[in-house]
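Protein chains in written order, with the working numbering: chain A, 1 to 343; chain B, 1 to 289.
Incorrect hints may have been included.
[Stated by the list, open to error] Simulated restraints on C-beta separations:
(1) B:A77 with A:I307: 17 to 25 Å
(2) B:S114 with A:S162: 20 to 28 Å
(3) B:L125 with A:L300: 37 to 45 Å
(4) A:L300 with B:R80: 28 to 36 Å
(5) B:L62 with A:S263: 31 to 39 Å
(6) A:L326 with B:F161: 41 to 49 Å
(7) A:L332 with B:A77: 35 to 43 Å
(8) B:R80 with A:G222: 40 to 48 Å
[As the list claims (entries may be wrong)] Chain B residues, not near chain A, derived (Cβ > 10 Å throughout):
(9) L36
(10) T127
(11) V148
(12) F161
(13) A171
(14) E177
(15) L181
(16) M182
(17) E228
(18) A257
I should point out that these hints are in silico values taken from the structure, not numbers from a laboratory.
Please read these numbers as outputs of a predicted model, since none were measured by experiment.
Glycine included, C-beta positions come from ideal geometry on N, C-alpha and C.
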Amino acid sequence: MNVPAPVRADMYGARSGTPVRVRRGTAASYVGGVALAAVVVALGFGPYLVSRGAQVQLVLLFTYVLMGTMWNLLAGYGGMVSVGQQAFIGIGGYGLVYLADIVGVSPFVAVPLAALVCGGLAWLASFLVFRLVGGYFAIGTWVVAEVVRLLTIQVDTVGAGSGISLRAWSVYTPVYRIAYVYWLSLVAMVVAVLAVYLLMRSRVGLGLTAVRDEPTAASSLGVQVTRAKRIVFVVAAIGCGLAGGVIASNTLRVQPDSIFSVSYSAIMIFIVVIGGIGTIEGPILGAVVFYVLEQQLADLGAWYLIILGAVAILFTVTLPRGLWGLVTRGRLRLFPVGYELRR
Amino acid sequence: MTYVNAVVQGVLLGGLYALLASGLSLMFGVMRLVNLAHGALAVLAAYGAYEVVRVAGWHPLLALAVVVPAMAALGYALQRLVLNRALEIGPLSPLLATFGLAIVVESLLLERFSADTRALDIGALGTASVRLSERVSVGLLPLLTFAVGVTAVAGLQWYLFRTRGGRTMRATSEDHEAAQLMGVDDRHVYAVATATALALVAVAGVFLGMRTTFAPTAGAATLLFAFEAVVIGGLGSLWGTLAGGMVLGVAQLVGAAVSPGYGILTGHVVFLLVLAFRPRGLMPRAVTA
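Could you put the whole structure together from the sequences, leaning on the hints where they help?
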């Protein structure tokens with residue numbers, strides 16, 4: 001993908017007299033942006049409109065959008081394939097249980113707090129895993145996730161291998177509890193998507209895009225590659241921590257083998273590969289597609305995963321830009337992160 | 001004395017890890033491709049041997065004669081049909097494709113064989129042992145596994161540095177465009193490398209299956225162990241990988257001797273310590289093979 005340099009309008013247009021305009025948004029992105037905002041507002045009324053069962057399902061969909069967005073930030077923008085994001089999903093979930101049930105913090109505070117802990121741990125872990133690159137980085141993050149899982153199994157306070165129930169939400173009646181978790185997950189999803197959007201529009205995002213397109217040139221122009229990647233790794237961990245808190249709130253239980261399962265990484269990868277890597281819209285579309293597929297194919301047992309894996313391979317080698325790229329051919333951007341030159 | 005025993009057994013286990021790791025190392029060395037399906041393919045080979053034993057009634061060691069060529073053929077086809085394309089698209093694509101493959105292989109095994117653990121019946125080989133001293137004795141199977149691991153590493157080293165095919169592979173690894181100009185078909189070279197890697201992983205998988213019981217989900221841990229052996233030893237050094245495998249094996253078995261729940265965790269921790277304090281591994285090489 002070609003990314004224009006960060007030119008200012010007056011560098012070309014105003015002084016030389018040629019009518020070149022630099023802009024970020026297009027008509028489509030303004031219309032699309034307003035439409036998306038309307039969708040989010042409509043979703044905000046969810047608990048007044050749809051059943052509790054439907055809300056629980058929508059929480060799942062929001063979590064997929066959140067996780068897919070975070071994995072896309074890592075791989076699509078940061079160039080880092082992680083197979084260990086389940087570490088932060090698990091810490092987010094266990095952090096919520098620990099802070100809310102054992103320390104006694106409100107779950108509304110415990111979820112973001114646990115996510116911030118994930119960010120701090122990711123910052124520390126980055127100094128180890130950043131010593132590995134490419135595929136070895138991927139397996140390195142997986143090892144870290146396994147270490148966290150194996151350590152959790154040793155801790156009796158949080159139920160060791162059999163896990164522990166989340167009681168903090170029980171102070172609310174089910175109607176309110178489900179509505180609160182619904183709103184929490186909606187806010188987490190919107191904040192995550194907006195955070196990635198703003199990050200990619202910022203100087204850090206510009207640097208990351210430059211690194212992705214030509215690392216040596218970017219580095220020689222003064223892009224602080226490692227710093228930018230570290231920011232991405234930490235933000236993605238915070239997002240996955242939020243997802244973990246939401247997942248635990250939705251299922252009301254955490255269990256090491258399930259919440260630290262590598263299948264969360266598989267889900268994230270699938271969502272991003274199907275939707276379209278390196279765009280903000282792709283993972284949102286991918287999450288919806290994955291959610292629908294999961295509902296449709298759940299009865300097939302192991303065949304469901306065989307189909308998902310095969311589809312992921314097929315998309316990787318034949319449609320590397322995913323469904324979003326196929327549908328829009330790179331022309332439509334709901335989230336304009338680049339610049340556009342128009343005469 | 002438990003600890004002496006754990007160290008001896010750990011060193012021998014290192015041979016198996018080196019065997020597992022050599023295929024991973026070869027694919028990375030030749031085309032900078034990390035095969036995330038490596039562990040799943042090892043488990044596939046173990047199930048392949050299980051089927052051969054069940055259908056033909058052979059000893060698992062004899063099943064190697066069927067499983068190894070089959071896996072090599074699968075590797076050649078995989079590279080030609082999927083991975084060469086993925087390599088052309090970009091650096092992330094092979095990772096995504098091989099991760100997808102790992103899920104497909106694991107789920108297919110789950111569909112065909114269920115989640116129950118299986119074992120390869122090795123008869124008298126399982127109980128035969130060699131007495132080293134008064135209190136330390138070594139099983140014949142771990143000894144054989146170790147010997148096969150060392151032979152595989154030595155053989156791969158010889159192939160890469162002493163034969164025409166190996167020279168072609170190293171040339172393609174260093175500069176595949178220049179190698180193409182010299183008349184090398186890089187797509188074929190890559191496919192041969194993957195076929196070799198899968199043949200090695202087939203041997204490793206069958207020995208893994210003779211050593212312990214296995215289930216379709218065993219691929220993940222297998223991949224992690226192979227990877228840890230590579231990194232502890234130092235990227236691109238095959239003898240380093242053997243040393244790395246031994247360090248990992250000793251760490252796991254000594255950890256397990258302290259408390260059964262700590263075995264695998266200790267292995268991971270030693271890996272992280274090496275990454276923290278000796279990130280280039282025990283036997284670093286300036287140039288990767």
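Output the indices of the hints that this structure fails to meet, ascending.
Going through the list in order, the structure violates hints 9 and 17 and respects the others.
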